[in-house]
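Taking the UniProt record's numbering, the leading residue of the sequence shown gets 1, the next gets one more, and so forth.
For the record, the hints were derived by calculation from the structure and aren't laboratory data. Do not take every clue at face value.
What the hints assert, rightly or not - Listed next, the in silico EDC-like pairs over lysine to aspartate or glutamate satisfying Cα-Cα at most 20 Å (straight line): (1) Lys197 / Asp55; (2) Lys198 / Glu360; (3) Lys338 / Asp384; (4) Lys207 / Asp384; (5) Lys262 / Asp217; (6) Lys138 / Asp155; (7) Lys317 / Asp144; (8) Lys152 / Glu113; (9) Lys248 / Glu347; (10) Lys362 / Glu383; (11) Lys135 / Asp145; (12) Lys256 / Asp356; (13) Lys292 / Glu335; (14) Lys248 / Glu270; (15) Lys273 / Asp145; (16) Lys317 / Glu166; (17) Lys246 / Glu383; (18) Lys246 / Glu270; (19) Lys58 / Glu23; (20) Lys295 / Glu325; (21) Lys350 / Glu325; (22) Lys256 / Glu335; (23) Lys345 / Glu357; (24) Lys69 / Asp144; (25) Lys324 / Glu334; (26) Lys362 / Asp326; (27) Lys342 / Glu270; (28) Lys168 / Glu113; (29) Lys342 / Glu360; (30) Lys362 / Glu334; (31) Lys246 / Asp144; (32) Lys338 / Glu254; (33) Lys317 / Asp145; (34) Lys127 / Glu166; (35) Lys345 / Glu361; (36) Lys350 / Glu334; (37) Lys198 / Glu178.
These numbers come from a predicted model, not from an experiment.
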Amino acid sequence: MKNQWTNYYTGYVKVKAHGKGAERLINMLTRRGLHIWDVKRVGSEALIFHMDFRDIPKLRQVMRKSDCKVSFMQGRGFPFLVKRVMKNSGFLVGLIAFLLCIFVLSNMVWGIEVKDAKPATEHAIRKELDKMGVKIGKVQFFVDDVDTIQRKLSDRIGALTWVGVELKGTTYHFRVVEKRQPKEVEKTSPQNLVASKKAVIADMYVKKGQSIVNVNDYVGKGQLLVSGLIGKEDKQEIVSAQGVIKGKTWYNAEVKIPLKTKFSVLNGNETNKHYLKMGDFSLPVWGFKDPKYDKQEKETTVRPFHFLQWKLPISYKQVTLRSKEDIVRSYTREEAVKEGRKMAKAELKKHLDEEDEIIEEKILHESMENGKVKLSIHYQVIEDIAIGQPIIQGD
């Protein structure tokens, strides 16, 4: 007898032959090479048997030479299953549409939760998320990945020290650490004001205490500027000296600028490739053409599919190829000097407060070394040089 699994895929029928020539019909079918199985007698002149669905035309040829009649009782196997499904196609289409809707809804954004943020900060975060397209009802595959969202929020919202982004099912969870601006604590402990570095006094504003130096005085590091002892010698009072002492200070900087610099930049051309990822295997579904960039930068994003709360073993994978090209930037000596001065000044400002002012810039030395312009630059800066120094009592 044939393998029953093979019979199922090709299809088979249950046949009833009744009449005086039923046994002769079976013998004729067998001699023609047809596969007949499960032959059973029913009554005195009837037989029931099974045969391949594709052999029905041959059965009809044999019937013309026999005296019995044949009726088909039941069809089984894959072809008949397809036929029954097509009869109930409305139910099938409805089931597929239902599962598709559940699948799509399971991969949409349905919640955004922001924790540990003040109302103003939370409003700024939600406003920025709306600009990035992270909003309720948006399909997750058209939204930036969590790392990109985290980076953009950190760059665009100054009130954030850190923000954690996590996607759980259909909800984005944001945990926020805000920058805490320390409140200025009123100094009540006795103190003097001393110089934090060498300087020439440019301006003075003493709020509390007794001034020891004057404008245009040269002071060294640690020198007393404003005393916390006020009053006459026989009746002195100790206070917390306060004030702003502006001093002219000096900085030196050295910088080297190459006349020629080679680096790679993105030229704006990019190609996206889309895949269905199953384990380590990726099946391309769109973007089959190879852009054949001479140099390229590759970025890969993988996002798993979800069905309700379950993560499916299939993921959506997007590969972005960005074209790069090498560029040689050339400076003349004058341009290199100008760029060097700009770089050195920007670096100095990183170490100064916003209120500090650069009042003079002078190139002390300029030379060429191995295709590079070397500069030594001197700066004069006006900045607050006063720092507190506790007064130890009891001496």
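Hints, one by one, checked against the model:
1. Proposed proximity of lysine 197 and aspartate 55 is contradicted: the alpha carbons are some 105 Å apart, above 20 Å.
2. Of the supplied pair hints, the one linking lysine 198 and glutamate 360 holds, its CA atoms being roughly 17 Å apart against a limit of 20 Å.
3. About 29 Å separates the Cα atoms of lysine 338 and aspartate 384, which puts this hinted pair outside 20 Å; it is violated.
4. Distance check on the hinted pair: lysine 207 and aspartate 384 sit about 14 Å apart at the alpha-carbon level, within 20 Å; holds.
5. Using a Cα cut-off of 20 Å, the hinted pair lysine 262 and aspartate 217 is violated, with the two alpha carbons roughly 50 Å apart.
6. Straight-line distance between C-alpha atoms of lysine 138 and aspartate 155 comes to about 23 Å, which puts the hinted pair past the 20 Å bound.
7. Pair hint lysine 317 plus aspartate 144 holds up; C-alpha atoms about 13 Å apart against a cutoff of 20 Å.
8. Distance hint between lysine 152 and glutamate 113 is fulfilled; the C-alpha atoms sit about 17 Å from each other, no more than 20 Å.
9. Our distance criterion of 20 Å between C-alpha atoms is met by lysine 248 and glutamate 347, whose separation comes to about 19 Å.
10. For the hint pairing lysine 362 with glutamate 383, the CA-to-CA distance comes to about 18 Å; that is within 20 Å, so the pair holds.
11. For the hint pairing lysine 135 with aspartate 145, the CA-to-CA distance comes to about 14 Å; that is within 20 Å, so the pair holds.
12. For the hint pairing lysine 256 with aspartate 356, the CA-to-CA distance comes to about 26 Å; that exceeds 20 Å, so the pair is violated.
13. Taking the CA atoms of lysine 292 and glutamate 335, the gap is about 37 Å. The hint is violated against a cut of 20 Å.
14. Proposed proximity of lysine 248 and glutamate 270 is contradicted: the alpha carbons are some 53 Å apart, above 20 Å.
15. Restraint check for lysine 273 and aspartate 145: the C-alpha separation of about 17 Å stays at or below 20 Å, so the hint holds.
16. For the hint linking lysine 317 to glutamate 166, the alpha-carbon distance of about 19 Å falls within 20 Å, and the restraint holds.
17. The straight-line distance between the Cα atoms of lysine 246 and glutamate 383 is roughly 5 Å, inside the 20 Å bound, and the hint therefore holds.
18. Pair hint lysine 246 plus glutamate 270 does not hold up; C-alpha atoms about 54 Å apart against a cutoff of 20 Å.
19. Restraint check: the Cα-Cα separation between lysine 58 and glutamate 23 comes to about 17 Å, which is no more than 20 Å; the hinted pair holds.
20. Distance restraint check for lysine 295 and glutamate 325: the Cα-Cα separation of roughly 6 Å lies within the 20 Å cut-off, and the hinted pair is therefore satisfied.
21. For the hint linking lysine 350 to glutamate 325, the alpha-carbon distance of about 32 Å lies beyond 20 Å, and the restraint is violated.
22. Distance check on the hinted pair: lysine 256 and glutamate 335 sit about 13 Å apart at the alpha-carbon level, within 20 Å; holds.
23. About 11 Å separates the Cα atoms of lysine 345 and glutamate 357, which keeps this hinted pair within 20 Å; it holds.
24. With a C-alpha separation of about 71 Å, the suggested pair lysine 69 and aspartate 144 falls outside the 20 Å cut-off, and the hint is violated.
25. Between the alpha carbons of lysine 324 and glutamate 334 the distance comes to roughly 30 Å, so the proposed pair goes past 20 Å and is violated.
26. As the CA atoms of lysine 362 and aspartate 326 are separated by approximately 35 Å, the hinted pair breaks the 20 Å bound.
27. Simply put, lysine 342 and glutamate 270 have alpha-carbon atoms about 34 Å apart, too far for the 20 Å limit, and the pair is violated.
28. Straight-line distance between C-alpha atoms of lysine 168 and glutamate 113 comes to about 11 Å, which keeps the hinted pair within the 20 Å bound.
29. Restraint check for lysine 342 and glutamate 360: the C-alpha separation of about 14 Å stays at or below 20 Å, so the hint holds.
30. Of the pairs offered as hints, the one joining lysine 362 and glutamate 334 holds, with about 15 Å between alpha carbons and a cut-off of 20 Å not exceeded.
31. For the suggested pair lysine 246 and aspartate 144, the alpha carbons sit about 49 Å apart, so the restraint of at most 20 Å is broken.
32. A threshold of 20 Å between alpha carbons decides the hint, and for lysine 338 with glutamate 254 the separation of about 14 Å falls inside it, so the pair holds.
33. Straight-line distance between C-alpha atoms of lysine 317 and aspartate 145 comes to about 12 Å, which keeps the hinted pair within the 20 Å bound.
34. Taking the CA atoms of lysine 127 and glutamate 166, the gap is near 18 Å; set against the 20 Å cutoff, the hint holds.
35. A hinted pair counts as satisfied when its Cα atoms are at most 20 Å apart, and lysine 345 with glutamate 361 qualifies at roughly 9 Å.
36. Of the supplied pair hints, the one linking lysine 350 and glutamate 334 is violated, its CA atoms being roughly 25 Å apart against a limit of 20 Å.
37. As the CA atoms of lysine 198 and glutamate 178 are separated by approximately 37 Å, the hinted pair breaks the 20 Å bound.
Comparing the model with each earlier hint shows violations of hints 1, 3, 5, 6, 12, 13, 14, 18, 21, 24, 25, 26, 27, 31, 36 and 37; every other hint is respected.
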